[in-house]
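Undergrad: Dock chain B against chain A, hints included.
Protein chains in written order, with the working numbering: chain A, 1 to 409; chain B, 410 to 746.
By construction, these hints were calculated from the structure, which means they are not laboratory data. None of the values given here were measured: they were computed from a predicted structure.
Each computed EDC-like pair below joins lysine to aspartate or glutamate, with the alpha-carbon atoms no more than 20 Å apart:
| no. | chain 1 | residue 1 | chain 2 | residue 2 |
| --- | --- | --- | --- | --- |
| 1 | B | 702 | B | 667 |
| 2 | A | 394 | B | 572 |
| 3 | A | 394 | B | 620 |
| 4 | A | 157 | A | 390 |
| 5 | B | 702 | A | 402 |
| 6 | A | 394 | B | 574 |
| 7 | B | 702 | A | 406 |
| 8 | A | 319 | A | 12 |
| 9 | A | 394 | B | 665 |
Covered stretches of chain B (chain A as the covering partner; in silico rule of three or more C-beta atoms under 8 Å from a C-beta of chain A):
| no. | segment |
| --- | --- |
| 10 | 466-478 |
| 11 | 491-503 |
| 12 | 516-522 |
| 13 | 546-556 |
By construction, the Cβ of each residue, glycine as well, lies at the ideal position given by its N, Cα and C atoms.
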Amino acid sequence: MNVQPLTFHVPEPHPCFGSAADVSGFQLSDAARVRRPEIDVEASEIRDLAYELIRVLDADGHAVGPWSEACTVDQLRSGLRAMLKTRAYDARMTVMQRQRKTSFYMQCTGEEAIACGFQSALQAGDMNFPTYRQQGLLIAQDWPLVDLMCQVLSNEKDRMKGRQLPVFYSAREAGFFSISGNLATQYVQAVGWAMASAMRGDSRVAAAWIGEGATAENDFHAALVFASVYRPPVVLNVVNNQWAISTAQSVAGGAQATFAARAHGYGIPALRVDGNDYLAVHAAACWAVERARRNLGSTLIEWVTYRAAPHSTSDDPSKYRPQNDQAVWPLGDPVERLKDHLTGIGEWSEARHVQLKAELDEEIAGAAKEAQGSGTLVEGSKCSPASMFDDVYKSMPPHLREQRQELGF
Amino acid sequence: MPSLTMIEAIRDAMDVMMARDDRVVTFGQDVGRFGGVFRCTDGLQGKYGSSRCFDTPISESGIVGIAVGMGAYGLRPVAEIQFADYMYPAYDQIVSEAARLRYRSAGEFSAPIVVRMPCGGGIFGAQTHSQSPEALFTHVAGLKTVIPSNPHDAKGLLIAAIEDDDPVVFLEPKRIYNGPFDGHHDRPVVPWSKHELSETPQGHYTVPIGEAVVRREGAEVSILAYGTMVHVAETARREVGIDAEIIDLRSLIPLDVDTIVQSVIRTGRCMIVHEATRTSGFGAELSALIQEKCFYHLEAPVVRVTGWDTPYPHAQEWDYFPGPDRVGRALIRLMES
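Only chain B is shown next, with the shape it has when bound in the complex:
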């Protein structure tokens, strides 16, 4: 199996789907001729032509709005928002339109669209190139929200998202586009080629939306993470020597509640890790679910390690980003409680 980066895997997913289904079209700012500011659509316009892969004006509501219209027509658009931080002008189209079209028309119309957006911090992106707005999507009935943590899943999940008849917000942690960043910003970047999950099957395959995966089995505590934080959690666990079970959620809505609950019931402890700000973040939903479904099995309060409730700062990047040191210390405290 070829070893791909996240970028190559994401591009490969679109390539596979554009070849299989001529209704699949890709567009967004700088997506066409240039191939995307992160190279995720590199070569697609050359291969499929500019009526399948094209540049758009800088208008996020326009980008998602035309996607909804194309979806209603019968195409399967894959729209790109250059940074998740810039999705807000499109929020009305995503929340009021894409998410509700099937419901409000009782199935007459639907929005089989994917909205891709690079997200997350750890790149000195500061306030408008680092955000993790997943909770603003998971709160919306009718949307699916997906976030891969490695090239294998990125390709399989993106193919599944394109084939899915519901609107999917596909969040791509840009910090791990080129390698599995574990939060040790002072060490050299490890490339994906050294990681087994960069091995990505050729051609078509899917990773089902709605299924979490246990990345590492453990007995002492369940760590719920997604995106970059899967790698941070694994490193933190190893460094403090705690036998944690690490669950990569992959899909936030629909959420694989069974995998989570079974794990927490077994370990009796749970830590939730995400980059997004804490208050009303997706961790709050996870925490509430665990309280409801695992209450009698819990030996300690559920712990959340998250970004602070501040805008994402520039100079204070590593004080903000929930890195292995913070996660590790929280793990030790959780095991002592």
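Here chain A stands alone, though its shape is the one from the complex:
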């Protein structure tokens, strides 16, 4: 027998974004084409939706199709404001990092619609288990920017007391679980939180968040198994922004099947949604959250988007992807698309847009000034080194008291 030598397959950087941006391979469903199933649909009846893309806004900015009726104009304007605010906040914090007022920052540019739109589907008491790129969940609730900034600056008003890397917020009151640097861990914790809600006969739901790269972590699979077995009220969000630092989504297994399709093996219904379409995000989020709240179990949603900004302030994307990538990204910019839609229906204008941006810039500048008044990483006040020994345990054991004394406190 003539046996050919085996060959080893390593995925190309990206089916769309190699050395030059080429989106011809990207499959787009037309807006309005994808049906909106009944809320109590069986997972097996919507398997096709994991390979489609739920979209509401068409190329002309019109809201079309069965997912289009979910938002009021007020909700849309508030969504636009939240997205603009998130973007402006990111921009400002990036500048502050460049000015060396802090060590590190991570933007969510291009992904604002997902967190902001999703939050609009939740109620007080629900709990998000976010990654480090869902600051929009807080900003959409008008969580005080000064509070976020103080965390990024690690100053004396940082509620995390300077212990955490910038952007690793925690805001229990806002249903925002403490962020960890360890990827995917929160995904299964969200399932546990939702199980607890069900075990207690509560009506609160959880939202789990993960990036497409981190779906390769074990806890992604553990979360899906537990969600499948116990059917807790949790929405399993996968934000597919195409990149895990420099690693394209194909290396996470995205070229073989969509991330939404992962849910099929667990019998969990899945949607795949245009993550840059605020209307689609809101509608799909409402669908999945209602499903959870009505005790119909979990839903996995793959949000298809694009990480427009560098991975972090420590990253240089020009080393691994083309410069014009965001410009040719077929799903465009979520802010521009919602702006065009609202303008098209006579509920927004260029003048109002400019005015809103100016107001937000002013608000953010004021917040930044106030936050810096409480210190930055490098100057001004920060939490005492003595506080470093607090909260390791509920009460300080003798060995930590001894170490604190050794440091001089």
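TA: Chain B in isolation, oriented as in the chain A frame:
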């Protein structure tokens, strides 16, 4: 007072706490309907229902991960890992999450969870049913690590662990589940009913976490031990006729440094005994502490009798396990030095 085995005492602790506090839930592989492969949760599902005691998929990171999420919600989960040897897939959740949640959120969230895991050798369990991974927990800031040596302490410590607002790794030496094994594998197993520490109060009581206990007072040498090794040390001491003080640490973190230091200062000699491998084992921490705090009172170098720095073997069980013969010979050498 009823005489219980370790298994019965551990089950009783969960029963007491599930009855007192409806936030206490128990789960793990085979924990629910079947009652646990060691019977530690036998009957709990029948008594409290399957939303309080249930079976889980075989996923240690899932088991501990959901426990962290439930703890954040406000429950008090008692998760079981079937063997300590299988905790490694959960290690990320234990170390990166449970241990640090309170610290990283400045107290906004915490993980009031207990992770129970049968540990230790002496049962021909070989590489993956015999390990003693306590040092992998004691090295982690934010965790409490507890290991009982008898039914009385097992129940009291487990109740204390469930009531504790910090994450507790609760190690259960499976070799002494049914009787106080002293390392004489060639003799019949002695049941717990013949041991005074099997007398276990009914209802609620606690053994405080962070307090060691002097099992036997002695003048010549202090032996620091925990779990099965407490019984091995007592037998070894008796057989070589040395007046050793035996301290059962019970809680490794927080550690009862005062009890240890007072004893070593008085005896001037110290032996540390544990089943776990030697290098970077918890004995190294104990030894360093004694060197720092008792240096001028020491009349001989601190001695460690431990498992060898090898994976836990099967056929060579009794050459690996630090039994009374090895401990006794080391005691004689220590007294001569």
